[in-house]
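What follows is each chain in one-letter form.
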Amino acid sequence: QKEVEQDPGPLSVPEGAIVSLNCTYSNSAFQYFMWYRQYSRKGPELLMYTYSSGNKEDGRFTAQVDKSSKYISLFIRDSQPSDSATYLCAMTTMDSNYQLIWGAGTKLIIKP
Amino acid sequence: NAGVTQTPKFQVLKTGQSMTLQCAQDMNHNSMYWYRQDPGMGLRLIYYSASEGTTDKGEVPNGYNVSRLNKREFSLRLESAAPSQTSVYFCASSVAGHLIYNEQFFGPGTRLTVL
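Residue numbers (the working numbering), protein chains in the order written: chain A, 1 to 112; chain B, 1 to 115.
Hints are computed from structural coordinates only; laboratory data are not their basis.
Just so you know, not all the hints are guaranteed correct.
Said to hold, decoys possible - Every beta carbon over 10 Å from chain B, so not counted as near; a handful from chain A, in silico: (1) Ala17; (2) Ser26; (3) Ser84.
As the list claims (entries may be wrong) - Computed footprint of chain A on chain B, listed as stretches where at least three residues anywhere in the stretch have a Cβ under 8 Å from a Cβ of chain A: (4) 42-48; (5) 102-114.
Glycine included, every Cβ here is placed at the ideal spot set by N, Cα and C.
Based on the sequences and whatever the hints tell you, model everything.
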């Protein structure tokens with residue numbers, strides 16, 4: 001079993017919909033959680049960064065961490081075609097020795 | 001600022017050939033990383049360099065070697081390429097890997113095919 005599970009999709013939704021992307025993990029020591037966005041044929045770029053449990057909002061994006069369920073989510077409100085990309089979750093511990101543990105990524109398609 | 005640059009962008013090798021992937025960053029970052037990305041597998045760490053002069057193995061180091069040439073440059077070498085090394089390779093850098101906030105900045109990737 002992988003340490004981080006993420007549904008690869010693709011997830012296809014109409015423009016304007018609320019999108020929910022999720023990852024589950026098995027290591028309860030994870031404390032730092034990240035969402036990266038990767039456009040086709042590009043490198044990933046950091047979208048959201050959260051520590052421990054709770055919510056963090058940035059414009060149309062909300063990152064949510066539920067440590068009791070070992071479950072993290074990324075919500076996108078008023079989705080746009082420009083949000084079409086692969087979204088990767090990543091997480092790490094305080095003593096991670098520099099290593100991020102990555103989900104496989106979910107491919108998101110926003111239909112105009 | 002160019003950020004993280006990688007060369008080449010594409011490469012086709014025959015089994016047994018060798019090659020070096022080059023990576024450079026102009027952000028004065030201390031830590032650098034090499035990942036491979038395969039469908040359904042996410043990003044897997046091959047090697048990393050916490051700081052100039054140090055390198056360490058990641059999750060999938062077999063078949064690869066690295067050199068941290070200086071603070072800016074971190075190269076990845078395939079000594080004898082195998083079809084299993086067909087992948088997209090990403091170089092990344094961060095201010096310092098041991099910091100709590102460790103945003104990694106990625107290059108555009110190298111698409112490698114081994115026949």
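Here is how each hint holds up against the structure:
no.	hint	in the structure
1	Ala17	holds, 25 Å
2	Ser26	holds, 15 Å
3	Ser84	holds, 18 Å
4	42-48	holds (count 5)
5	102-114	holds (count 8)
Violated hints: none; the structure is consistent with every hint.
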